Amino acid sequence: MQSFKRFLPLAAFLLLVVLLVRGLSLDPTELPSARLGDSLPDFNLPVLGESVSRQAEDWQGEPALINVWATWCFSCRVEHPYLLELAQKGVTIYGLNYKDDPEKALVWLDDLGNPYTETVVDKDGLFGLDLGVYGAPETYVIDASGVVRHRHVGVVNEQVWNEQLARYFEAEPTAGGSD
Amino acid sequence: MVRLLLSMMIFWSAQSLAVIETYEFSSPDLEMRYKALSQELRCPKCQNQNIADSNAPISRDLRAIVHQQLEAGATDKEIIEFLVDRYGEFVRYRPGVDSNTLWLWSAPIILLIMAVAVVVTQIRKDRDRQTISSNAERANRLREKFDGDPS
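Going down the list, the sequences are from chains A and B.
Its first residue numbered 1, the first sequence is counted upward by one per residue in my numbering.
Its first residue numbered 180, the second sequence is counted upward by one per residue in my numbering.
Fair warning: there could be bad hints in the mix.
Below, simulated BS3-like cross-link-like pairs (lysine-lysine); rule was C-alpha separation at most 25 Å, straight line [unchecked claim]:
#, chain 1, residue 1, chain 2, residue 2
1, B, K304, A, K123
2, B, K304, A, K99
3, A, K5, B, K304
Covered stretches of chain B (in silico footprint by chain A; criterion: 3 or more residues with CB under 8 Å from a CB of chain A, positions within the stretch not fixed) [unchecked claim]:
#, stretch
4, 229–240
5, 256–267
Just so you know, these hints were derived from the structure itself, not from any lab.
These figures come from a predicted structure and were not determined experimentally.
C-beta atoms are modelled at their ideal positions from N, C-alpha and C, and glycine is treated no differently.
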C-alpha cells in the first residue's frame, strides 16, 4: 500500500502528459459535418447559366465532390487550379455557387476555366444552411447513393486530396492515385 | 480636453464593435428569447464567439434564422434542434449529454465525490491519530504514576 502510494504522483503526472499530448494533436477547428452519413438534404436549385434546375437525386450514381464556392471568396481562387486538375483526372465535381452574383460567377468560370460538371446557384444560402455550410470554400464528398461521407473546410490541394478525399473515389478507375 | 477626446474616441470605438442589424419583434417576450438564444448559440466560423457577438456572415444568417423562426412561433427547443441538425452540437454553448460530453457533464459530480472521499478519509485518519495519541498519553501517565511510585 505504501509503495503504491509513492507512485501516485508519477501516475498522475503520466496521465496528465497523455491528456496534454492528445490535446496538442487535436485540431479544435476541425468540425465534422452534422450531415455525415445522411443523404444530401433536398434541394431544387437552378443550374448556373441554364434555365433548368437540379434536385438531390440528380447527383446520385457515382461518388462526387460538392465544392462550395463564390466569387467573393479569395481562397476559392487559390484552390481553383487544383479543382481543374481533379476534373481532368475524371473526378466529378459539382459546384455550389454560394451567396453570389450569378453574373459574376459565370464570368469567373469563363476566365479561370470550369472544373464543375455543373454548378447550382444557392443565391440566399438556404441550401448551404441545410447542408451546414458556414463559409467558402468547403468541399463535401457524396457517395454513389448521395450520402454525405466527408466534409473539408478550406482549400482543397493535393495533400488534402491524397489524405482525405481520394479514398472515396478509389473504386473509380479514372480517379485516385497519382500521376 | 485631451481626456475628453480620448474618452469620446473610446466610446465611439465600442459602438462600432456592436453588431449591425436590429430586428423588430412583435412582442417583447420574443425579443428576450432572441437575446437569450443568440447568446447561447455559437458561431461555427469564429469559434469563441456566440452569434450575437460575431460579425461573420454565417452568424448574420443564423441570427436571421432565429428571428424568422421565433416570429413563426417556433419554441426555443425547436430552433436549437434545427441548428444542431445542420451544424452539430458544436453550435450550442450548453451541449446536451451524449457520449462526447458525458465526461464534461459528469466531471463536477465525480470531482465532488472525490473531494468528499478525501475529506472523509482525512477526518478518519485524524480521529484515529488523536485516539492513538491520547491512548499513548494515558499509557505514559500511568507508567509515570506506577514507575514514579516507589511503593
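Hints versus structure:
1. B/K304 / A/K123: Measuring from Cα to Cα gives roughly 71 Å; hence the hint is violated.
2. B/K304 / A/K99: The hint is violated at about 69 Å.
3. A/K5 / B/K304: holds, 16 Å
4. 229–240: With 4 residues in contact (Cβ-Cβ under 8 Å with chain A), the coverage given for the stretch 229–240 of chain B holds.
5. 256–267: holds (count 5)
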